[in-house]
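One-letter residues, chain by chain:
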Amino acid sequence: MRSWLTSPLPWQALAWLLFAAAAWLPLTPLLAPLFDGSGLAALADPRLLGLLGRTLWMSAASAVLAIALGLAYAVLCVRVRTPGARLLETLLPLPLLLPPLILAQAWFGLAELRGPWAAVFTLGLATAPLPGLLAARSLRRQQASAHESALLCGPGLALREMLSTAAPATLLGGLLAFFLAASDFAVPDYFAVQQPLFHVYAMEIFGHSRSASYADGAAAALPLVLLGLAGLFGALALQRRVRAAEVGGGRAPQPFDTGFAAKAVAAAALLTLAGLLILLPLGRILQETGNSGPLDPRSWSEVSRTAFAQVFERARSDFRNSLSFALLAAALVFLAAPFWAHALLRLERRSGTLARLGGAALAAAAALPLLVPAVALGFGAILTLDRPGLRGFYDSVWLPALLLAGRYGPIALFLLLERMRAVPEAQEDAAVLAGAAYPARVARYRLGPQAGGWWLAAGLVFVFALRELDLNILVSPMNHSASVRYYNALHFSRDNFVAACGVVLCLLLWLPLAAGTAWRALRASRGGGSGA
Amino acid sequence: MSEAAPVLEAEGLRLRRGTCMLLDGASLALAPRARAALSGPSGCGKTTLLRILAGLERPDAGRVACRGVSATADGRLLLPPWKRGVQMVFQDLGLWPARSVLQNVEDVARASGRGDARAASVGLLERLGIGALADRKPGTLSGGEARRLALARALVARPAVLLLDEPFASLDPDARRAGFALLEEVLRETAAAVLLVTHDPWEAERLGGAHWFLREGKIGA
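Each protein sequence line maps, in turn, to chains A and B. Residue numbering for the first sequence follows my numbering, beginning at 1 and increasing consecutively. Residue numbering for the second sequence follows my numbering, beginning at 1001 and increasing consecutively.
Hints in this document: simulated from the structure, not taken from any laboratory. A portion of the hints provided could be inaccurate.
[Claimed, not checked] Straight-line Cα separation of at most 20 Å, EDC-like style, residue types lysine to aspartate or glutamate; simulated pairs:
| hint | chain 1 | residue 1 | chain 2 | residue 2 |
| --- | --- | --- | --- | --- |
| 1 | A | Lys263 | B | Glu1057 |
| 2 | B | Lys1137 | A | Glu246 |
| 3 | B | Lys1083 | A | Asp257 |
| 4 | B | Lys1218 | B | Glu1009 |
| 5 | B | Lys1218 | B | Glu1057 |
| 6 | B | Lys1218 | B | Asp1074 |
| 7 | B | Lys1218 | B | Asp1116 |
| 8 | B | Lys1083 | B | Asp1024 |
| 9 | B | Lys1218 | B | Asp1092 |
Pulled out of the complex, with its shape left as it was, chain A reads as follows (with noise of 0.2 Å):
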């Protein structure tokens, strides 16, 4: 066998060229402010100091209510015997598949929201699935005999026991979701027109677009980004409290055995909140495709037909356009991630403080790109790749799919990670010992029996990248896609085809998670396992 299929060393330089290509390149841009002072001058401003404020306040409050919705979810789904729980808790993870602008849309239609509030409430729903998603695994995780012992005491110290498992893992996603709602432009943009007037941080920072002044937009971004840095060392010191509260792995425990009055209100609350997360905003998202005047004589059907029918003919090519960048996105981290993960987990398995300091660094350099505002990280690509050398680079697919991947990747690095520290370690050193080549001993033996991990990671690079807004109404190849599309004709017109453009959208984003949900019950009915 040939050295260098076997040496980790040529893969890994590969697969962590590309990362720092696709995500540390268009980075530093934003961290020259922090050298040359400029970047701080924003905490000198008034103005700007009071925007900031307002932006952590309004993105607290999200993640707040981000948390109280996911964790009720997790809790109604995982362990309450309520009716039809398998089926909501395939749509928990809608609301932040779908880009956070279409719950605007929804929600100012159902309610009229207007104003800062609106903002965080549709951002709190947008990012409650990520404490929801963590909080079921953590209560999926729990020692089943821990949740036993307890109930022998009593409901009240089972209940705060349990609560106490899924905690750490609630909070990291609460974390998650603030710097979501932190660094979102488009849903405080989207209620700032609809009136009253109001201004949050990342709409500071996407005003310098319109002068074409980039390098003072990466300058402005820099307290977003601290903020982002500071939020990581929280993230990773939560994350190492989520693996030491999920020490089951083997039984689940058994959901509540509550009576049927009981089941019946948990059933209900259940429903409330899918309607509040999705089934409301989508049902209004589909109902808009149909409205029509007064004095419109065409039928509901009518309306909605024709609505889908302009968006295939108007947007045909802006949708096209998506899938290329975030089938590329995905792609590229399909091919690369495995590499990244198993990079730090070979970090993690060393001894000594030089190893594990390396391994922290390295974790929180591959987490920026996620943390800092996409419309920063669009500056920073503005900066670092719009130069004439470059330029056929620039306008290929690539550089969204470069960008995209670089953005997201990190999802994916993590998820590969966590499902790596999952296989026994003898099962590579086995491989290692029968000489096999390092791409088949990551990915046949370390990643293999969690096969399902790696298909989910890079369907979420693919829905995350099919989703962004902020990214590419800043950066020019990506401005033909179809989330600009959507994002232009809302402020434009508020017409069927928007909401069609919504509909189709939410299409394409559910289809992967449909699709992976299917593959699962077919495994799971073949006995084949759980997959991802």
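Please build the complex by placing chain B on the supplied structure of chain A, with the hints as guidance.
Same frame as chain A, but now just chain B:
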């Protein structure tokens, strides 16, 4: 079996898992302060039987009574687990990872209504030789220490029935002997009836009392 009114009684328990009849008319009775050991091949349903007695699982048929009160009948739970006066040391212990050693015990003492929760917990930890570890988290304990903590947590509730599911499994022989000697000492001071699941004939003999076997879903001597 003792002639005093049983604190725990099971009659005609049946449970089918897939095509396997795990319990097929299993019956037993434990008098106050009685000691009994239960053995049987791996996977024969010993742990499931303990879980049914504790109210953590429902049988398909049969009845369980705790202190004379009907607790499970015809596949229905009539008495929830926390009202049966039963405590259990699980095979994988089920310690609460986020709570300290002392909190693991004290929480149970409070939930069982003991006014002297703190003092009783501290005293029991000292008695079991892990008082110095009170502030540690369970994840940092050795196997033997964790088992002693699980025992303290079960005993502090002053249960009428103590179910022990192979409490010293996975320990080396010396640690098993030492652990069992400590268990014997502590059990002498408790009023609880004890049902010990074990594969070790030595443990069953040392415990004293009845030695039952679970075979083909039925309990016999």
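Status of each hint after checking the structure:
Straight-line distance between C-alpha atoms of A/Lys263 and B/Glu1057 comes to about 19 Å, which keeps the hinted pair within the 20 Å bound. Proximity of B/Lys1137 to A/Glu246 is assessed by CA-CA distance (about 14 Å); at most 20 Å being required, the pair is judged to hold. Restraint check for B/Lys1083 and A/Asp257: satisfied, since their Cα atoms lie roughly 15 Å apart, inside the 20 Å limit. With a C-alpha separation of about 15 Å, the suggested pairing of B/Lys1218 with B/Glu1009 holds against the 20 Å cut-off.
Annotation: proposed proximity of B/Lys1218 to B/Glu1057 holds, straight-line Cα distance about 18 Å (limit 20 Å). The suggested pairing of B/Lys1218 with B/Asp1074 holds, with an alpha-carbon distance near 18 Å, which does not exceed 20 Å. A distance of roughly 42 Å separates the Cα atoms of B/Lys1218 and B/Asp1116; the hinted pair therefore is violated under the 20 Å criterion. The suggested pairing of B/Lys1083 with B/Asp1024 is violated, with an alpha-carbon distance near 26 Å, which exceeds 20 Å.
A C-alpha spacing of about 25 Å is found between B/Lys1218 and B/Asp1092, which places the hinted pair above 20 Å, so the restraint is violated.
Going through the hint list in order, the structure does not satisfy hints 7, 8, 9.
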